[in-house]
Structures are given as structure tokens and as C-alpha cells.
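Trainee: Sequence:
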Amino acid sequence: MKFPIVKGAGYVLVNTPDMLVHNGSTQTTEKLTNPDSEYLKGLAEHIRTFDDVVAYLPNQVYIGNLHPEKLKEYDMPWFDKESPIKERFGKYGEIMPQDEFIGLMKMADAFDLVKLEKKFAAEVKQKLQRHPLFDETDIEKIKEGLGIEEITKQIDEHHAEGIYMDGKVVGCVKRAHDIDINLNAHTMFENIVVKASGALALRNLIAKNGLDPASIEYVIECSEEACGDINQRGGGNFAKAIAEMAGAVNATGSDTRGFCAAPTHALINASALVQAGVYENVVIVAGGATAKLGMNGKDHVKKGYPVLEDVLGGFAIMISQNDGTSPVIRTDLVGRHTVGTGSSPQAVITSLITAPLDKGNLKITDIDKYSVEMQNPDITKPAGAGDVPTSNYKMIGALGVKRKEIDRKDLMSFVEEHGLPGWAPTQGHIPSGVPYVGFAIDDMADGKIDKAMIVGKGSLFLGRMTNLFDGVSVIMEKNTGMEEKESVSKEEIKKLIAEAMRGFAETLTDE
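Residue numbers 1 to 511, in this note's numbering, belong to the letters of the sequence shown in order.
By construction, these hints were calculated from the structure, which means they are not laboratory data. Note that beta-carbon positions come from the ideal geometry of N, C-alpha and C, so glycine has one too. Some hints could be false.
[Stated by the list, open to error] Restraint-style ranges between C-beta atoms, simulated for each label pair:
{"#": "1", "residue 1": "325", "residue 2": "74", "range": "25 to 35 Å"}
{"#": "2", "residue 1": "323", "residue 2": "122", "range": "20 to 30 Å"}
{"#": "3", "residue 1": "74", "residue 2": "365", "range": "37 to 47 Å"}
{"#": "4", "residue 1": "347", "residue 2": "176", "range": "19 to 29 Å"}
{"#": "5", "residue 1": "52", "residue 2": "235", "range": "24 to 34 Å"}
{"#": "6", "residue 1": "76", "residue 2": "407", "range": "40 to 50 Å"}
{"#": "7", "residue 1": "129", "residue 2": "338", "range": "36 to 46 Å"}
{"#": "8", "residue 1": "302", "residue 2": "50", "range": "20 to 30 Å"}
{"#": "9", "residue 1": "75", "residue 2": "215", "range": "41 to 51 Å"}
{"#": "10", "residue 1": "159", "residue 2": "448", "range": "21 to 31 Å"}
{"#": "11", "residue 1": "347", "residue 2": "41", "range": "37 to 47 Å"}
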């Protein structure tokens, strides 16, 4: 079986402090239900600067400037410790400031819904002209801008969603329809953010890995948003919109949704398309979710933390035909949480971890690194959710003990050796398995590991359609570089039959 390979990965973060305040669901809900709350009054004191965000250890890990293992050298919490590397651009991607991203939203605006104030538009155009991923054709899309009076009028009288910078209005997103709630200004704001951040991730994938955008034939978008109108609320298509913005002129695509598990579903789907020969190069991509900015902000503020959910996340990964060197995706060793699996932790881990391992005659310890829900514990622990990755590793290790593949006394050693500290922002789908893919490519190339398992889990009950949750997993493996044996041709079959017949005839003659 000729397995597909992971050709490259790109990861981006976008620091959006004003969007946290004005678009994050926790904050917008608080404004409606308790507008005079102490939380809202003191929120500004807990907002980090862009320099703070760049210097944050997990963020430098996310864009590839530090390996996840480096986090083990630092005591928690991490927010009060500076990274030894404080660079905006990384091996896999970048951390973009909010003003540039607002300009990028205008670039992503295909229906003239994003309106920017004149002075702000001019300033952000100058900044983006210095960005390595954008050219004059991109910059021209930002246009001249409007007076602040016209933008304020759109917000006050025509239900537009304000765009803020340093607490001041610098633009707005207009509604795309007068009565269709699926095309109102709030929804269009969220959707344009997904498109813009997804396109930024795809452009970084292409640039950081020296890829030809014209070689991309199919794009699968796997974030948690869904675009459509009153007749098909989630019909899509983010994928093709992002492909267009990234210059993937030969690509088509579609959206895959599965809550947090969607990226791993997309990884498996892309691998199947490539292995089947339908497409040579498939990209999975996801943009960020404004609703989840500051999701645990109240808990962070209560404990004296900065509000750490101040970045949008994005990623893009290319799956291609086997080149003999890049890591392969073992499509024959896929784990899945089925309808009948059940919800007990043991049942879930069995379906996602040990079932595919058993199929490949592998032990739990044969996987060098497990990438589970790689949520940053600096964010989740103050909110009472604990250290999510470590909890997952303990469950995997406990099952290994039960299977007699790990000695009970070695359980925590297993967690240390086969697990990773969490570093991804809590953007729902962003932490779900895929943040390690870029590192896995490098770790296999450097001979540090041979096998990694990517695990995605999702909470389907959030949609109120079922009480089930979901999960899938797949194994990445070092490429052996061995040529796989081709199937036997018709001529070879005829030759073998002829030889067999001659041998049979000679046997009869001897008798």
C-alpha cells in the first residue's frame, strides 16, 4: 500500500485584543446581561500588549520557534515568563498584530462589506507593504477608506458591526442582507475573520515550505464556523474562498465540520483522496473563531492573570503523493469513536488509541509521541478544566497498564516520554491533534521519533442534535524510502502460467 505523505505545515496566530472585548462571546454576553459588571470595568487592565503576546512561550512554540519539549523547562504559570526567542515570524508561520489583520480582512472582502476609516486604511496599507507575503495586487484591495462619520452612521443606523483598534472605531463590517440573519453584520464579521486567518495560514504554508500554490488541487476547510444564507445556513464554501485568496488557482474544495475533531477528520479525508489518486496535492486549512476570544476571561481576571485567549489561531497542512522521504499517513491504522462506542473514558481511549494499534500489531509504547487535545494548560487550569493533554496521556498510560504493556510504576514515565505539554490556544478545533504535525515532520527527519498518533475529539452534543461526542485518530510514520512492489502485469501473469504448464507437462513426461 502506497501511503500519502505530509508535505508541510503552516501555523499562524493573530493578536486581537479589541476583538476579544467586542466580539468574544463571553464579553458580548456579559454586556447584554450585566453591562455594569466589575469584570467589564476591569477588563482593560488584563489585556496584553502585542509584545507580550509575541514573548509568550506557548505562542513561540505554536509558530515553530521553540519545540514543545522546551516548555518542560519552565514552571507554570507561563504568562509571567518571557520566551528566549521573541520573534514575530517563526519556522512554521507568524504572529500578526491586529491592525494588519484588519487590513487583511479588507483584502478578504469580496463584496465590499468591510469599510475602513481613511487614515487607518492608509497606515495599515503602509505596514502591509512591508509584509513578505503580500504584493501590490493585495494591497490595492484595501482601497482609500471612508470618513469616520460615515462609518459611525453605518454602525448606529444600519446595523453594521464595529471594527476597533485601541478602543476606537476604525471601521465596520456591513450586513450582507437586510433580513437574513445568516448574512447579518455579526455573522459576516465572523466569516470574514475565518477566511482571512485561514488564507494567512495557507500563504504561510506555501511560503515556509517552498510550495507552488498552483500545484494544490483540493482544499478542505475544517474550522468551527459555517457560512451560508437563509436557504442553506451552513452550505459553505470557506475552502474555495481561502484557496482563491492564497492563489491556488487550480484548486477546488469543500468544508468539513466536526466541532473540535474536524481537523483530524480532514487529515484522514485528505489522505484518502491522495491515496486513491483523485488528487495529487490536498490542503487542509482552518481559520480562527472570534467567539472564543476571552472565553475563560472571567476566571483569568479573578486569578489576576491576563486574559490569555487573546489570539485567533490558524493552520494549513499539505498532503501529497509519496515522495519517499516525507512522513507517511497510515490510512490503514485509523481509530474512530463510533455511534456504538459509548462515552466512558476507557471506551473512548480504546476506540481511538488501542483499536488502530491492535490492527497494526503495535503496542501503546510503540507510538513515540501522542498529539491529543493540545490545549494550553496556562489557559485551562485557572478556568478549572485542568491540564487537558496530561489527563489524556494518563488515560492512555492507564490503558497500557491494564494491557500489561506498561508497568504501573512507569505510568508517569510514559506520560513524560510519550506526551507533550499543551501549547495551542483554546480556539476549539485548533488544539485538536494537528498542532504537532509540523514538529512531527521535523522530529522524524531528525531521527528523534518514528511514529506519532494524531488524535482529535469533538463535542457533538453542543449542536443539540445528539448527546454523542466524537473522535478520530491516525498514525504518522517515518518514511522508510522503500519502493513498494508494483502489482503484477498481465504479461507477467501469462508468463507465470506458461512456466507452470511447462513444469506440469515435464512432470507427466517423467511419470
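Trainee: Should the hint that residue 159 and residue 448 are 21 to 31 Å apart at their CB atoms be regarded as holding?
Mentor: Since the Cβ atoms of residue 159 and residue 448 sit about 54 Å apart, the hinted range of 21 to 31 Å is violated.
Trainee: Does the hinted range 20 to 30 Å hold for residue 323 and residue 122 at CB?
Mentor: violated, 45 Å
Trainee: Return holds or violated for the Cβ distance of residue 75 and residue 215 against the range 41 to 51 Å.
Mentor: holds, 45 Å
Trainee: Do the beta carbons of residue 302 and residue 50 sit within 20 to 30 Å of each other?
Mentor: Hint holds: Cβ distance 25 Å, inside 20 to 30 Å.
Trainee: Can the suggested window of 25 to 35 Å be confirmed for the beta-carbon pair residue 325 and residue 74?
Mentor: holds, 34 Å
Trainee: Is 37 to 47 Å respected by the C-beta to C-beta distance linking residue 74 and residue 365?
Mentor: violated, 27 Å
Trainee: State, for the Cβ atoms of residue 129 and residue 338, whether the hinted interval 36 to 46 Å holds or is violated.
Mentor: Once the Cβ atoms are compared, 52 Å apart, the range 36 to 46 Å for residue 338 and residue 129 is violated.
Trainee: Between residue 347 and residue 176, does the beta-carbon spacing fit 19 to 29 Å?
Mentor: Violated, at about 44 Å.
Trainee: Is 40 to 50 Å right for how far apart the beta carbons of residue 76 and residue 407 are?
Mentor: violated, 28 Å
Trainee: Do the beta carbons of residue 347 and residue 41 sit within 37 to 47 Å of each other?
Mentor: Given range 37 to 47 Å: holds, Cβ gap about 46 Å.
Trainee: Kindly confirm whether 24 to 34 Å is satisfied by the beta carbon distance between residue 52 and residue 235.
Mentor: violated, 40 Å
In this structure, the hints that do not hold are numbers 2, 3, 4, 5, 6, 7, 10, in rising order.
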